[in-house]
Amino acid sequence: MNFDYSQLKTQFQQTLAKSNEPAELTSLRQAAFQQLKNAPLLKVTKFNFHNWPLITNQVQSFSLSEADLQLTDNEQVKVTVNPQVIAVKLPNSLKEQGVLITDLVSATRKYPQMINKYLATVIRPEENQIAAYHTALMNLGLIIYVPQNVQLDGPISLTVNFEQQRTTNFHLLIIAGKNSRFQIIDHLIASQQQETPLTNFTEIIANENSEVHFSSLDHLSQKAPAYYQYRAAIKDYAKVDWAVGLMNECNTVGEIDSELIGEGAHANSQLIALTANDQQLGINNRVTNRSPHSQGLINQRGVALGNSRLIFNGIGQIIHGAHGSEAEQQNRLLMMSPHASGDANPILLIDENDVEAGHAASVGKINQDQLYYLLSRGIPRHQAQRMVIRGFLSAVITAIADRDVRQKMVNILERKLKENA
Amino acid sequence: MAILQIKDLHVAVKDEETHQQKEILKGVNLKMQTGEIHAIMGPNGTGKSTLSQTIMGHPNYHVTQGDILLDGESILDMPVDERARKGLFLAMQYPAEIQGVTNAEFLRAAINARRPKDDQISVMDFLQELDQNLELLDMKESMTERYLNEGFSGGEKKRNEILQLLMIKPSFAILDEIDSGLDIDALKVVSRGVNSMRSPKFGSLIITHYQRLLNYIVPDVVHVMMGGRIVKDGGPELAKKLEAEGYAGLRDELGLKIDLVDEDD
Ligand SMILES: Nc1ncnc2c1ncn2[C@@H]1O[C@H](COP(=O)(O)OP(=O)(O)OP(=O)(O)O)[C@@H](O)[C@H]1O
Ligand SMILES: [Mg+2]
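If you read the sequences in order, they're chains F and A.
Note that the first sequence covers residues 1 to 421 in our numbering.
Note that the second sequence covers residues 1001 to 1265 in our numbering.
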């Protein structure tokens, strides 16, 4: 990655000196920065992002905004993050049960041990260069902690607006206590006015027998690229479902990763992406079965329009000893333009005999039977195509827990398809 | 009044294995007008579905000779959706399933495609009409919020084709084996739906293997198709005769040299 290391270093040290963060964060940043020079880049097969301007010298301050907590009597959990404020609306009842939603700095001040135990342990700074950079220069952070045995009925809805004229390194840390259960609905936005890049990290720790459902609808339109690194560490009999919708306009690269650490752990990793114009998007969707009887499913659907390039790598790894495990994956792409390019690559790395593993991949054109059926009812071709595409993506869209968010997703989809018709 | 005319129609398909064009229809002539119900009967593999798909404009079927005229205008160069908006409808033998698109949304899109942009059907009018038709077809309201044909049983799919027919109100409807796989009650319901469309502004071409359907929807004309041609026309009694005697008798009577699929050598 191209960047001026010595300049970044000077700047990092100056910023660190003037910040008055808790010591835990400062030392984490310092350790991470040490790795920055030598750590490798994340490998995304058939996708090159070496020259993307992801690392910049524009982080002038770590001053993560402090959360403003508002306790409510209704059941909704709503978090709004924007440049000025992290606003948290939390029902009294959940606060009483110990649910914690706050910014990373406040959390580190109050619960240094918990932060030490979890932050940057799922995605470690030494793994790759962007992880090192991100961890050293995080400047927007949020933690969601649900204690053991607490189960939320409604979703935690989180809207993050990256409308800030500075590079953002956003970190979301989600900790699910034993037997806890909850849903998070994440909505990331940035407009075209935005010119700076984003690194967007989510770490989930799903403790024994917990269930976390993470849906997201992202619509990042900034001019600079976005880097994603989402990873869940899933313990015994815990379950994490991802339903990620990448409706970004910007170049996007990254990885969604489920580590099935515990026996009987389960992950279902669903992703859709739509690319248009000259956009490039490359994603690893990775599930690693490390323990017996773990189950990992990958389902990704992508649509490439215009001159865009879309790469889906489905990476299923079964470690020796993870007997009785299951790994299934589907990677499907629709190419809607002769100038679009893309690939759906299933990559299976299996080091254990007693497993069930399967994969399907396709890169193709829109389903002609479905299209014909709609046309035969008089529905004009462009509209019919949009409906067929929606059908193609539907398996993943329906995995998004919230009806309004699903509708929003469909609206963005329709709009993008119309613009690129 | 509208007229659909098929003139000396020859149609070929490309065989997917040999990549060679194979002629299926070998000179079909047929003329029908609104107000009339026509039935086509014929042995398996004789080209009935080919004829209906060709009228609708399915891209796999290539017209090599002849013409299809709607009110005197050739429709051969018209894309499928335009043919539909001109008044043609095909209830398919195997309707497609589309996840993520509800039946109701699909129906509204089909209706609105026929109306000007500034005069789209109101939600109230749409629902009112939908309710009436659901009742006529003994269909549950919940069917309309389900995804288009997805997970529908064979019979439900057929009913859903007729629901579309009632909502879209075409001038000509081709019903390809609308009765196959239907139980007796469903057969009556579907026939009731089609009969409710009968008017001077509606015509239908019904493809069936079973004379029984024609007891419920009584045709004005019965055509027999064999070997890619219409070989005989008659009234409803022709269907009864075929039911009793089979196709081999008629073939021999007409002195045709055609192999029937299920015939022993
Ligand atoms: N798309 C196609 N590709 C190849 N062959 C085709 C295609 N469509 C039809 N045929 C062939 O054309 C012939 C006529 O088929 P068609 O489906 O029109 O018969 P049909 O009269 O509708 O029969 P059935 O009563 O069994 O429905 C058959 O031999 C069939 O295999
Ligand atoms: Mg047929």
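No lab work stands behind these hints, which were simulated from the structure alone.
It cannot be assumed that every hint is accurate.
Pairs of lysine-lysine residues, derived as DSBU-like cross-links and limited to a Cα-Cα distance of at most 35 Å, are as follows [stated by the list, open to error]: (1) Lys-1014/A - Lys-95/F; (2) Lys-365/F - Lys-1257/A; (3) Lys-1022/A - Lys-408/F; (4) Lys-9/F - Lys-178/F; (5) Lys-1140/A - Lys-408/F; (6) Lys-408/F - Lys-1157/A; (7) Lys-43/F - Lys-95/F; (8) Lys-1022/A - Lys-418/F; (9) Lys-416/F - Lys-1031/A; (10) Lys-418/F - Lys-223/F; (11) Lys-1014/A - Lys-408/F; (12) Lys-18/F - Lys-239/F; (13) Lys-1140/A - Lys-1169/A; (14) Lys-223/F - Lys-46/F; (15) Lys-1157/A - Lys-416/F; (16) Lys-418/F - Lys-1169/A; (17) Lys-1026/A - Lys-408/F; (18) Lys-1026/A - Lys-46/F; (19) Lys-1086/A - Lys-418/F; (20) Lys-418/F - Lys-1031/A; (21) Lys-1257/A - Lys-418/F; (22) Lys-1117/A - Lys-365/F; (23) Lys-1257/A - Lys-416/F; (24) Lys-1031/A - Lys-1014/A; (25) Lys-1257/A - Lys-1086/A; (26) Lys-365/F - Lys-1086/A; (27) Lys-416/F - Lys-1026/A; (28) Lys-365/F - Lys-1201/A; (29) Lys-418/F - Lys-1026/A.
Hint by hint, here is what the structure shows:
1. Lys-1014/A - Lys-95/F: violated, 68 Å
2. Lys-365/F - Lys-1257/A: violated, 42 Å
3. Lys-1022/A - Lys-408/F: Answer violated: Lys-1022/A to Lys-408/F is near 48 Å, above 35 Å.
4. Lys-9/F - Lys-178/F: Status violated; Cα separation ~40 Å.
5. Lys-1140/A - Lys-408/F: Since the Cα atoms of Lys-1140/A and Lys-408/F sit roughly 29 Å apart, the hinted pair holds (cutoff 35 Å).
6. Lys-408/F - Lys-1157/A: holds, 30 Å
7. Lys-43/F - Lys-95/F: violated, 41 Å
8. Lys-1022/A - Lys-418/F: Distance ~39 Å between Lys-1022/A and Lys-418/F Cα, so the pair is violated.
9. Lys-416/F - Lys-1031/A: Judged against 35 Å, a Cα distance of about 45 Å means the pair is violated.
10. Lys-418/F - Lys-223/F: holds, 21 Å
11. Lys-1014/A - Lys-408/F: violated, 43 Å
12. Lys-18/F - Lys-239/F: Status violated; Cα separation ~41 Å.
13. Lys-1140/A - Lys-1169/A: holds, 21 Å
14. Lys-223/F - Lys-46/F: holds, 23 Å
15. Lys-1157/A - Lys-416/F: holds, 32 Å
16. Lys-418/F - Lys-1169/A: Holds, at about 29 Å.
17. Lys-1026/A - Lys-408/F: violated, 52 Å
18. Lys-1026/A - Lys-46/F: violated, 51 Å
19. Lys-1086/A - Lys-418/F: holds, 25 Å
20. Lys-418/F - Lys-1031/A: Answer violated: Lys-418/F to Lys-1031/A is near 41 Å, above 35 Å.
21. Lys-1257/A - Lys-418/F: violated, 54 Å
22. Lys-1117/A - Lys-365/F: Roughly 30 Å between the alpha carbons, so the hint for Lys-1117/A and Lys-365/F holds.
23. Lys-1257/A - Lys-416/F: violated, 57 Å
24. Lys-1031/A - Lys-1014/A: Within the cut-off at roughly 27 Å; holds.
25. Lys-1257/A - Lys-1086/A: The given pair, whose Cα atoms are some 38 Å apart, is violated under the 35 Å limit.
26. Lys-365/F - Lys-1086/A: Within the cut-off at roughly 28 Å; holds.
27. Lys-416/F - Lys-1026/A: violated, 46 Å
28. Lys-365/F - Lys-1201/A: Between Lys-365/F and Lys-1201/A the Cα gap is close to 39 Å, so the pair fails against 35 Å, i.e. violated.
29. Lys-418/F - Lys-1026/A: violated, 42 Å
Hints 1, 2, 3, 4, 7, 8, 9, 11, 12, 17, 18, 20, 21, 23, 25, 27, 28, 29 from the earlier list are contradicted by this structure; the remaining hints agree with it.
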